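Peer 1: Residues per chain, in single letters:
2 protein chains.
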Amino acid sequence: MAVNVRARELGKELDKHGIDAMLITDLANIRYLTGFSGSSARFFLGSRGGYLLTDSRYKLQAAAEIKGSSGVRLRICKTANLELGRIIEKASVKKLGFEGSGVSYDGYRALKKAFKGVSLKPVAGLVEKRRIVKDKGELRAIRRAIAVATKGFESVENAEILKMTEAELASRIEMVVKSEGAESMSFSTIVASAKRTALPHAMPTNRAIKKGFLTIDMGVSLGGYKSDETRTFCVGEPTKRHRDIYGVVKEAHDRAVGAVSAGVVASAVDAAARKVIKKAGYGKYFGHGTGHGVGLDVHEGPGLGPKSKDILREGMVITIEPGIYIPGWGGVRIEDMVLVKGCGCEVLAEGLQELRILR
Amino acid sequence: MAVNVRARELGKELDKHGIDAMLITDLANIRYLTGFSGSSARFFLGSRGGYLLTDSRYKLQAAAEIKGSSGVRLRICKTANLELGRIIEKASVKKLGFEGSGVSYDGYRALKKAFKGVSLKPVAGLVEKRRIVKDKGELRAIRRAIAVATKGFESVENAEILKMTEAELASRIEMVVKSEGAESMSFSTIVASAKRTALPHAMPTNRAIKKGFLTIDMGVSLGGYKSDETRTFCVGEPTKRHRDIYGVVKEAHDRAVGAVSAGVVASAVDAAARKVIKKAGYGKYFGHGTGHGVGLDVHEGPGLGPKSKDILREGMVITIEPGIYIPGWGGVRIEDMVLVKGCGCEVLAEGLQELRILR
Chain A
1 MAVNVRAREL GKELDKHGID AMLITDLANI RYLTGFSGSS ARFFLGSRGG
51 YLLTDSRYKL QAAAEIKGSS GVRLRICKTA NLELGRIIEK ASVKKLGFEG
101 SGVSYDGYRA LKKAFKGVSL KPVAGLVEKR RIVKDKGELR AIRRAIAVAT
151 KGFESVENAE ILKMTEAELA SRIEMVVKSE GAESMSFSTI VASAKRTALP
201 HAMPTNRAIK KGFLTIDMGV SLGGYKSDET RTFCVGEPTK RHRDIYGVVK
251 EAHDRAVGAV SAGVVASAVD AAARKVIKKA GYGKYFGHGT GHGVGLDVHE
301 GPGLGPKSKD ILREGMVITI EPGIYIPGWG GVRIEDMVLV KGCGCEVLAE
351 GLQELRILR
Chain B
1 MAVNVRAREL GKELDKHGID AMLITDLANI RYLTGFSGSS ARFFLGSRGG
51 YLLTDSRYKL QAAAEIKGSS GVRLRICKTA NLELGRIIEK ASVKKLGFEG
101 SGVSYDGYRA LKKAFKGVSL KPVAGLVEKR RIVKDKGELR AIRRAIAVAT
151 KGFESVENAE ILKMTEAELA SRIEMVVKSE GAESMSFSTI VASAKRTALP
201 HAMPTNRAIK KGFLTIDMGV SLGGYKSDET RTFCVGEPTK RHRDIYGVVK
251 EAHDRAVGAV SAGVVASAVD AAARKVIKKA GYGKYFGHGT GHGVGLDVHE
301 GPGLGPKSKD ILREGMVITI EPGIYIPGWG GVRIEDMVLV KGCGCEVLAE
351 GLQELRILR
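Residue numbers (the numbering used here), protein chains in the order written: chain A, 1 to 359; chain B, 1 to 359.
What the hints contain is simulated information worked out from the structure, not anything from laboratory work.
Fair warning: there could be bad hints in the mix.
[To be verified] Cut-off 20 Å, straight-line C-alpha distance, at most; resulting in silico cross-link-like pairs (PhoX-like, lysine-lysine):
| no. | chain 1 | residue 1 | chain 2 | residue 2 |
| --- | --- | --- | --- | --- |
| 1 | B | K112 | A | K112 |
| 2 | A | K121 | B | K78 |
| 3 | B | K113 | A | K113 |
| 4 | B | K112 | A | K121 |
| 5 | A | K309 | B | K78 |
| 6 | A | K307 | B | K112 |
[To be verified] Not close to chain B: a few residues of chain A, all C-beta gaps over 10 Å, as computed:
| no. | residue |
| --- | --- |
| 7 | G85 |
| 8 | E237 |
| 9 | P238 |
| 10 | R243 |
| 11 | V248 |
Quantities reported herein were computed from a predicted structural model and do not represent experimental measurements.
For glycine and all other residues, C-beta sits at the position ideal for the given N, C-alpha and C.
The whole structure should be built from the sequences, with the hints applied where relevant.
Peer 2: Quick look at the structure:
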C-alpha cells in the first residue's frame with residue numbers, strides 16, 4: 001500500500017473508534033503514514049486529510065519526503081500545540097484520539113490545557129496494527145536490510161579476531177554494513193566474548209576477544225526498515241559443552257521456525273523452542289521470549305513470548321531467537337528473521353547451520 | 001559526589017516535595033543515582049534507601065553496577081508493577097512521586113491501577129536539577145569523551161574525502177572513535193556535504209562527498225557521558241561566500257563563548273550569537289537555539305534558546321552551536337562544548353580557528 005493511501009485509509013476509520021481526528025506522535029507511525037523520517041514531528045489526521053507539524057530544521061526534508069502523500073499538508077512551527085489548536089478549531093474537532101503509550105503524562109496535561117473543550121481519548125495500536133503485516137515495498141526494504149547485514153556478519157570470518165577488542169569488532173562490522181549502504185544501525189551492536197556471552201544484552205567493551213563463544217547481535221536500518229539477527233561463533237576449538245549447548249539452541253531455533261505459520265498462536269512458537277531447552281535441562285537459563293515483530297521499529301508486534309495471544313498472519317516478519325545464558329560461563333543465542341506464510345514460513349537469511357569456529 | 005551519596009541525598013529531600021517516595025523511570029536518572037547502565041529499569045527511592053527493578057537479562061550486570069551504591073537493593077522481576085506494589089505496601093507509601101515527562105499516559109493509568117490507595121504526584125526535574133552541575137568525576141568522563149571525539153574529527157583530515165560517500169565517512173569516523181575507546185555514539189553521526197549542509201540534522205547518505213561545505217556533527221559516549229561537537233570544513237577551494245558565511249558563524253560562536261559565565265541568563269548567550277548573525281543579514285537562516293547542556297543525556301539542561309530563563313552556574317557543561325543554513329545552497333554550524341566557570345568559561349576542546357580546507 002502506497003504511503004499516501006495509508007493515511008487516507010486510517011482517516012476513514014476514525015469514526016469507528018469514536019473520534020473525529022487523531023494526533024499521532026510515534027515517529028515510526030508518522031513515517032509509516034507520511035514518509036517523513038525526521039526526529040521531531042506530530043501528525044494530525046482528520047477524516048479529510050492530515051497535517052504534518054515539524055520544526056524549521058526539517059523544512060526542506062519534510063517537504064521532499066511527504067511529496068508522495070496527497071492530502072498531507074506541512075506546517076513548520078515552533079510551538080506545535082499552538083498550531084494544532086488552530087487546526088483543531090478549523091476542523092471543528094470535538095473528540096481527538098491520541099497515542100496513550102507515546103504521549104507522556106506531562107504531554108497529556110499540556111494537550112488538555114491547549115485544546116480546551118476537546119475531549120481527549122487514548123487510542124491504542126491504530127497504526128501499529130496496520131504495520132504488523134508488511135506489504136511488498138516493506139518486504140523489499142527488509143530484505144535489503146538483511147542482505148546488507150549478512151555482509152557484516154560475513155566480515156567477521158575474515159577478521160583477525162584474537163587481535164581485536166569487542167568494541168573494535170563491533171565498529172568494523174558497522175563500517176562494513178555502512179559501506180554496503182546501511183543508513184544506520186537498528187540498535188547498538190552487541191559483541192560479547194567468552195563469559196560475557198552470558199549477558200543477553202552485553203555492550204561491547206574494550207576487552208580483547210578471547211577463546212570461547214562470541215555472540216554478535218546486530219541489525220541495520222535501510223529506508224527506515226530494520227534487520228535484527230544474532231550469530232554465535234566459537235573462537236578457538238569448542239569443548240563438548242560448547243557444542244552441546246549450541247546444539248540445543250539450534251534445535252530450539254529450528255523447532256520454533258518449524259512451528260511458524262499463518263493462523264498459529266505466537267505462544268505456540270515460543271513453546272516449541274522452550275520445550276527443547278527445558279528438556280535439555282537449561283530451562284532456567286532462557287529468560288526472554290522467543291521473538292518479536294520487526295519493521296520500522298526493531299521491536300514491534302507480534303510478541304512471541306510464552307503468554308502471547310497474538311495470532312500469526314501472512315506477511316508478518318518476526319525474529320526467532322532462543323538462547324541459553326549460563327552466568328559466569330557463557331551463552332548462545334541464534335536469531336533469524338522469518339516471513340510468515342500462509343503455510344509455514346520463509347527464513348529471510350539462512351544463518352549458520354552449525355557452530356562456526358573462528359581462529 | 002559518589003553515586004551512592006546521590007540517591008541518599010535525594011531520598012532525604014522527598015518530604016520537601018510532599019511525597020514519601022519517588023518512582024524514577026528515566027534511564028539516565030537511574031544511571032546517575034544507581035550506576036546501572038542497562039536499557040530497562042525502574043528505581044524506587046524512599047527515605048530509607050531504594051530498590052532497582054530490572055529484568056533477568058540484566059541480572060549480572062545490574063548486580064555488578066550497583067555494588068558501589070549502598071542502600072540500593074536489586075529486584076529482578078518480570079512484572080515491575082507487581083514487585084513495586086509489594087515494596088510500596090511494605091514501605092507504607094501514601095504519596096508516590098513519579099516523572100511526568102518520562103511516564104506515558106498509559107503507564108500512568110497502569111500505575112493508578114496497580115497502586116490503589118496511593119496518591120500519585122508528578123514531580124518534575126528532581127534528578128535533572130542535580131545532574132545539571134557536573135562533579136569532578138563527571139567532568140573527567142566528559143573530557144575523556146571529548147578527547148576521543150577529537151581523534152575522530154582529526155581523522156577526517158587524512159581521509160580521501162572526494163572518493164567517499166557521506167555514509168562511508170561517518171562510519172570511518174565512528175570506527176576511529178570506537179577503536180579509541182568510545183562505548184557508543186551519543187547520537188547518529190551527521191555527515192552532510194555541499195547543499196545538504198543546509199539541513200541542520202542531515203543523516204549521511206550514500207551520495208559521494210562533493211566540493212563545498214562538509215558538516216560533521218558527532219559525539220561519543222564514554223562511561224555514559226556524552227560529547228557533542230560540530231565541525232564544518234570546506235572541500236575544495238572556498239568561494240568568497242563560503243568564507244564570508246563561515247566567518248559570520250565563527251564570530252557568532254566566539255561572541256557566545258565570550259558571554260558564558262556563572263550568573264549569566266542563558267538567553268543572553270543566545271542573544272550574543274544571534275546578534276552577529278542578524279547583523280550580517282542571515283537572521284532567518286538561524287532557526288535553532290544556541291546550545292544546550294550535555295551530560296548523561298546529549299540534550300539536557302540548561303537550554304540556551306532565545307527565551308531561556310536558565311541561569312548559568314559553575315560546573316555546567318553546555319554546547320555553543322550557532323549556524324546559518326541557506327536552503328538550496330548550504331550551511332555552516334560550529335559547535336563546541338564549554339564548561340561554565342565562576343568567571344568566564346573553558347572551551348573543552350578547541351575547535352577550528354578558521355575554515356579548514358580539505359582536498
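Peer 1: Each hint should be assessed against the structure and marked as holding or not.
Peer 2: Here is what the structure says about each hint:
1. Annotation: proposed proximity of K112/B to K112/A holds, straight-line Cα distance about 19 Å (limit 20 Å).
2. In summary, the hint linking K121/A to K78/B is not supported, as the alpha carbons are separated by about 29 Å, beyond the 20 Å threshold.
3. Proximity of K113/B to K113/A is assessed by CA-CA distance (about 24 Å); at most 20 Å being required, the pair is judged violated.
4. Only pairs whose Cα atoms come within 20 Å are accepted, and K112/B paired with K121/A is accepted, the gap being roughly 17 Å.
5. For the hint linking K309/A to K78/B, the alpha-carbon distance of about 18 Å falls within 20 Å, and the restraint holds.
6. Of the pairs offered as hints, the one joining K307/A and K112/B is violated, with about 24 Å between alpha carbons and a cut-off of 20 Å exceeded.
7. The beta carbon of G85/A sits about 19 Å from the closest Cβ of chain B, which is more than 10 Å, so the claim that it is off the interface holds.
8. A cut-off of 10 Å between C-beta atoms confirms that E237/A is not in contact with chain B; the least separation is 26 Å.
9. Against chain B, the non-interface label of P238/A holds: every CB pair exceeds 10 Å, the least being about 23 Å.
10. Its beta-carbon lying about 24 Å from the closest one in chain B, R243/A satisfies the requirement of being farther than 10 Å from that chain.
11. Once the 10 Å rule is applied to beta carbons, V248/A is consistent with being away from chain B; the minimum gap is 19 Å.
In this structure, the earlier hints numbered 2, 3 and 6 are contradicted, and the remaining ones agree with it.
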